[in-house]
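Engineer: Sequence:
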Amino acid sequence: MAIGNARLYESDFKKSLTGKTNRSFARYQQVRKLLKEALSAKADLLVLPENFLPWEWLPDISRLCANNQMALITGIEHIASGARRVYNLTAVILPYRENDYKFAQIICHHKVHYSPNEARMIRGYRMEPFHGTQYQLFCWRDLWFSVYCCYELASIADRSLFQALADLTVAVEWNRDVP
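Residue numbers for the sequence shown follow my numbering, so the first one is 315 and each next one is one higher.
Treat the hints loosely; a few may be bogus.
The list that follows gives simulated cross-link-like pairs (lysine to aspartate or glutamate, EDC-like), each with its CA atoms no further than 20 Å apart [as the list claims (entries may be wrong)]: (1) K356 with D456; (2) K328 with E370; (3) K328 with E487.
If you are wondering where the hints come from, they were derived from the structure by calculation, not from laboratory data.
Taking the hints into account, I'd like the entire structure generated from these sequences.
Structural biologist: Below, the structure written as structure tokens:
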């Protein structure tokens, strides 16, 4: 298992809310570097931060995960819809083999609880955060795990949903106090 530490920028968050997303080569290189390091370390599971991966890059990353049989848990960059809603998704990519073929399944989790500051920033752009309603318990290679996105961990009731069922709890977070 590997945990990728990456610098996230509030300016990228704001750009995602205004439809002027950052798809720069430098940002792509950061993603590529983390994936390459995880693969060279032979990690079978990589965890990346909340709000990290652009939605459009998910199919290519999923193919890479399938080909290398590496699972990935990552936050997807906020998605602003035309209906003035903002989605904060966490993607879980689980690779598997069927006969001689390699595949990867992508499961997306809608954030259930937004932090007060995150909701305030989204509403400052006259948008509304979309709230999910459920959590999932995953089983991959005999490892049972649940995934939470940042502020969701503040709910003791939600954290205990899979008590005695999960071997591991994974949290993606945009931690601003860690460079």
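Engineer: Now tell me if each hint is right for this structure.
Structural biologist: Okay, the hints, checked on the actual structure:
no. : hint           : verdict
1   : K356 with D456 : holds (18 Å)
2   : K328 with E370 : holds (18 Å)
3   : K328 with E487 : holds (17 Å)
The structure meets every hint from the earlier list without exception.
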